[in-house]
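Chains as they are written, first to last, in my numbering: chain Z, 1 to 331; chain U, 332 to 683.
The set of hints was computed from the structure by calculation and includes no laboratory data.
Idealized CB from N, CA, C, for every residue including glycine.
Mixed in with the good hints there might be a few duds.
[What the hints assert, rightly or not] Cβ pair distances, simulated, as ranges:
| hint | chain 1 | residue 1 | chain 2 | residue 2 | range |
| --- | --- | --- | --- | --- | --- |
| 1 | Z | Gly-236 | U | Asn-379 | 42 to 50 Å |
| 2 | U | Asn-379 | Z | Val-41 | 39 to 47 Å |
| 3 | Z | Gly-144 | U | Lys-674 | 32 to 40 Å |
| 4 | U | Asn-379 | Z | Arg-318 | 57 to 65 Å |
[Unchecked claim] Pulled a few chain Z residues facing chain U out of the computed Cβ check, cut under 8 Å:
| hint | residue |
| --- | --- |
| 5 | Gly-136 |
| 6 | Ile-137 |
| 7 | Ile-205 |
| 8 | Gly-206 |
| 9 | Ala-252 |
| 10 | Val-297 |
| 11 | Phe-301 |
| 12 | Leu-303 |
| 13 | Val-308 |
| 14 | Gln-319 |
Each chain, letter by letter, is given below.
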Amino acid sequence: MRKKFINIILKRSEILVIIILIIYFFLMGIKNPLFVRADTVIRILFNGAILSIISMGISSVIITKNIDVSVGSLLGLAATFGATYLNSTDHPSILIFLLITLGTGTLGGLFNGLGVAYGGVSSIIMTLGTMAMFRGILTMYTGGSWIDTVPEWFLNFSRIKFLGLYYPIWVMIISLIILWIFFTKMKWGRYIYATGNSIEGARLIGIPVKMVVLSSFVISGFFSGLAALIYISQIGTIPTQAGTGMETQAIASAVIGGVSLMGGTGNILGALLGALLLETIKYSLVFFKVPAYWNNVISGFLLLFIVVITSRIQIYLRQEKEREIEEALRR
Amino acid sequence: MKKHYAANYMNEKKRFKNLNIVKRKLFSWQTTLIGLLIVEFVIFGSLNSRFLNIINLMYSVGDFLYIAIAALAMTCIIAAGGIDISIGSIMGLSSIITGFFWVKTSNIILATILGLISGVVAGTLNGILILITQVNPLVITLGSSFLFSGLALTLSGFAGSTGFEGISGFPDSFVYIVNGSIFNIPNPIWILLILTIIFYILLHKTKFGRYLFLIGMNPEAAKYTGIEIKKLTIYNYAISGLGGAIAGILLVSYFTSARSDLGADAPLIVITCAVLGGASIYGGEGSIIGTLLASLLVGYLKYGLQMINITSHQTNVFLGLVLILTISGRYFWDVLSTNYKNKEAVKRFKKT
């Protein structure tokens with residue numbers, strides 16, 4: 001009975017991530033009790049809004065057994081276009097601003113999706129190509145200079161609290177709810193899972209697999225645009241390298257949260273929690289004033305460590321299942 | 332009568348066979364790459380006559396030597412169904428380790444050997460992690476690329492250069508490796524030639540290479556044939572690490588300074604070269620000669636675009652577009668040619 005209980009916990013990657021998070025908080029709390037506070041949690045949620053939104057979006061692509069490494073560049077591009085519009089007029093219309101930022105993201109995702117679904121380009125090649133292209137377009141557009149002014153009213157968007165939480169955190173929560181409903185309750189969301197599980201099988205039962213793959217890239221692009229909105233408001237300056245390295249972190253957090261690169265498994269909540277775990281590690285490094293150049297070493301090491309642990313657990317579970325089936329057969 | 336038919340049939344078959352060989356040679360991907368290379372030279376030559384200066388062309392190989400070498404190693408990895416994103420970080424790590432030990436021991440040979448060893452160790456670590464986790468190599472090498480680049484940055488701090496500042500002051504003999512020339516031909520060409528031959532033999536002429544293709548094509552089948560997949564995978568990633576280290580050290584020699592972010596932008600271009608050269612990202616396909624041709628194509632494209640005053644950002648847009656269009660074009664070419672072949676076969680069948 002107890003074994004069964006442990007197996008159930010191990011089977012749900014999101015529960016595992018929560019346990020790792022609690023242990024991590026506990027260990028940091030031993031080192032410095034000031035770390036375990038509500039303020040820390042809010043700070044982590046606030047800092048992690050961008051990464052978690054991107055990793056939720058990228059999950060839809062990973063679930064279809066594809067990959068999208070262009071999200072970081074797309075975030076930078078959408079943020080640049082959006083912020084340029086904000087600065088261009090005295091009275092920018094919020095609707096046009098949203099349209100530009102989210103539209104850039106969506107169109108970028110559409111381009112990726114068209115190439116992968118209809119152009120016959122494998123997703124890693126397609127998005128590696130567009131990663132370079134989006135970044136190049138960004139630098140050409142700004143001429144290599146940074147955008148360092150954003151109107152005060154839009155900066156305030158991420159400084160004002162609503163019901164005790166900052167707005168970016170609300171955006172993150174609402175995205176989570178919408179995507180959760182989309183992936184668990186709606187037909188098209190289930191199509192995405194089916195396509196990732198077996199593209200040929202999905203095609204044979206009449207799922208329009210090409211459209212499904214296309215839509216997953218559009219979702220990923222849209223959420224890059226959404227993250228760009230928060231980026232503009234939270235950071236306030238848009239350097240030309242905005243969002244570099246974001247794609248690797250987003251993929252890593254989705255994988256930590258149990259979204260398998262083999263497609264068809266994992267859920268949105270796991271991706272969010274994975275992103276928060278990475279953000280917690282980052283925040284603790286800042287909190288304990290670890291010299292900045294250790295950051296990459298420690299996050300890289302922890303990332304590999306977590307991947308090793310979760311994968312060993314999954315291998316253990318698979319063997320356990322096989323043993324169970326064998327026992328049942330013997331009986 | 333019967334005999335006549337048989338003879339006729341044999342003749343037909345021979346004719347088709349010869350035709351097929353000619354066709355295969357003519358329409359093979361490598362021939363297409365050579366064609367593209369010629370087109371590129373013609374276009375850039377007509378835009379700027381300085382481009383076709385043979386001495387410039389020879390010396391500009393040094394610019395993309397590191398990419399070509401890493402791409403050769405990457406071809407082996409991709410052929411076996413893997414991928415190594417960390418190759419750029421390995422370049423940075425090995426270059427910093429070489430610089431670090433040069434500063435500490437003033438013995439350049441020892442420093443270079445340690446730099447090469449660091450690449451092999453890093454690659455072996457990748458291989459071991461991929462084996463024990465059985466996670467997609469993309470994730471593992473993403474994680475390890477953080478680790479390696481972080482280590483490089485930290486080490487460069489220990490060597491006395493803060494942050495992204497480089498370690499310099501290398502001896503002339505070391506700088507000569509890439510910047511010198513033998514028989515009036517710049518060293519980069521010799522290095523590239525030798526490494527291409529080594530990798531060609533390794534991947535196309537040895538058992539090891541054949542097994543890599545088999546692992547990439549069908550790991551299950553490879554397992555049942557009794558191939559030691561684990562050992563070969565670790566060797567493969569170690570070779571890739573070595574390739575990254577060689578590329579990194581040659582970069583140090585080329586720039587005469589070691590920096591931790593050397594090669595940070597390499598993975599995209601390296602994978603581009605390998606895939607353009609005919610390696611299938613799904614494993615089981617790959618060609619060293621193709622990769623070499625693709626590296627030349629991409630390298631001279633960058634060089635040519637610089638010659639006609641196009642900035643590197645614009646070059647990136649162009650490069651991404653070329654990559655996507657080529658791969659997509661190849662896909663449609665495959666679809667069309669399969670359709671054509673099917674139709675031909677049906678026609679032939681109806682005739683008999």
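Hint-by-hint comparison with the structure:
The beta-carbon spacing between Gly-236/Z and Asn-379/U, approximately 43 Å, falls within the hinted interval of 42 to 50 Å. In this structure the supplied range 39 to 47 Å is violated for Asn-379/U paired with Val-41/Z, their Cβ-Cβ distance being about 60 Å. In this structure the supplied range 32 to 40 Å is violated for Gly-144/Z paired with Lys-674/U, their Cβ-Cβ distance being about 52 Å. The supplied range of 57 to 65 Å is met by Asn-379/U and Arg-318/Z, whose beta-carbon atoms lie about 60 Å from each other.
Checking Gly-136/Z against chain U: minimum C-beta separation of about 4 Å stays under 8 Å; hint holds. The beta carbon of Ile-137/Z is positioned within 8 Å of a beta carbon in chain U (closest approach about 6 Å), and the interface hint is therefore held. Below 8 Å, beta-carbon pairs count as interface contacts, and Ile-205/Z has none with chain U, the closest being about 24 Å; its hint is therefore violated. A distance limit of 8 Å between C-beta atoms decides the matter here; for Gly-206/Z the minimum to chain U is near 23 Å, and the interface restraint is violated.
The beta carbon of Ala-252/Z comes within 6 Å of a beta carbon in chain U, closer than 8 Å, and the hint placing it at the interface holds. Hint status for Val-297/Z relative to chain U: holds, with the closest Cβ pair at about 3 Å, below 8 Å. At a threshold of 8 Å, the smallest CB-CB gap from Phe-301/Z to chain U is about 6 Å, leaving the interface hint in force. Taking 8 Å as the C-beta contact cut-off toward chain U, the hint placing Leu-303/Z at the interface holds, the least distance being around 4 Å.
Using the Cβ-Cβ criterion of 8 Å, the hint placing Val-308/Z at the interface with chain U is satisfied: the shortest such distance is roughly 5 Å. The closest approach between the C-beta of Gln-319/Z and any C-beta of chain U is roughly 12 Å, which is over the 8 Å cut-off, so the hint fails.
Of the numbered hints listed earlier, those contradicted by the structure are 2, 3, 7, 8 and 14.
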